[in-house]
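Colleague: Sequence:
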Amino acid sequence: MFGLVPFNQRRGQMQNADDRFFDMDRVMEQFLNDAVFPGFFSQSGLMKVDICDAGDTYILEAELPGIKKENVHIETDDGQLTIAVEQDSQNEEKRESYIRRERRSSSMRRSFSLENIDAERISARMENGVLLLRLPKLKANPPAGRRIDIE
Numbered sequence: 001m002f003g004l005v006p007f008n009q010r011r012g013q014m015q016n017a018d019d020r021f022f023d024m025d026r027v028m029e030q031f032l033n034d035a036v037f038p039g040f041f042s043q044s045g046l047m048k049v050d051i052c053d054a055g056d057t058y059i060l061e062a063e064l065p066g067i068k069k070e071n072v073h074i075e076t077d078d079g080q081l082t083i084a085v086e087q088d089s090q091n092e093e094k095r096e097s098y099i100r101r102e103r104r105s106s107s108m109r110r111s112f113s114l115e116n117i118d119a120e121r122i123s124a125r126m127e128n129g130v131l132l133l134r135l136p137k138l139k140a141n142p143p144a145g146r147r148i149d150i151e
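Going by our numbering, the residue at position 34 of the sequence shown is 34; the numbering climbs one at a time, nothing skipped.
Derived by calculation from the structure, the hints in this document are not laboratory data. Do not rely on the hints blindly, as some may be mistaken.
Restraint ranges, calculated between C-beta atoms of paired labels, are given here [said to hold, decoys possible]:
hint	residue 1	residue 2	range
1	ILE148	GLU75	15 to 25 angstroms
2	ARG146	ASP50	26 to 36 angstroms
3	ARG109	ARG146	15 to 25 angstroms
4	GLN87	ARG134	33 to 43 angstroms
5	LEU132	LYS94	52 to 62 angstroms
6	ILE99	ASP56	56 to 66 angstroms
7	ARG146	CYS52	15 to 25 angstroms
Simulated crosslink set (DSSO-like; lysine-lysine; CA at most 27 angstroms straight-line) [as the list claims (entries may be wrong)]:
hint	residue 1	residue 2
8	LYS137	LYS48
9	LYS69	LYS139
10	LYS69	LYS94
11	LYS48	LYS69
If you're wondering where the values come from, they're calculated on a predicted model, not measured in any experiment. Glycine included, each C-beta is placed from N, C-alpha and C at the ideal position.
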């Protein structure tokens, strides 16, 4: 009989080579994103979001470094919560006879289902590049008890 061995352990030395290539890909992506083409080569053009269940409320934290709250739009519609970010930036550099002007416009959007959420009581605040939303859960209405008469 064959023993059950996790798939990645059967590859032996190839796993280490693959890991090195993965690490190199990650380093190159980070370099291209940060230094050469910020935001252009990003694998996920999505904001990073954490959602925590805090009992009667969900807490949603979205990382939005460098984004002003005026550029963040939050809407609820048709059972969906949508967070949209639109930002324009302009760099201008002047020297003797050289002028350089660059404009960049970027946007991102995430949507979440509002199932079991009280949309009227959602609150949001922005602090240190982190958007914090409190999503109160709907209170379950227990079925009303009633007396049943016997015929």
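Colleague: For each hint given before, does the structure comply? Return the numbers of the non-compliant ones in rising order.
Modeller: As far as the earlier hints go, 1, 2, 3, 4, 5, 7, 9, 10 are violated by this structure, in ascending order.
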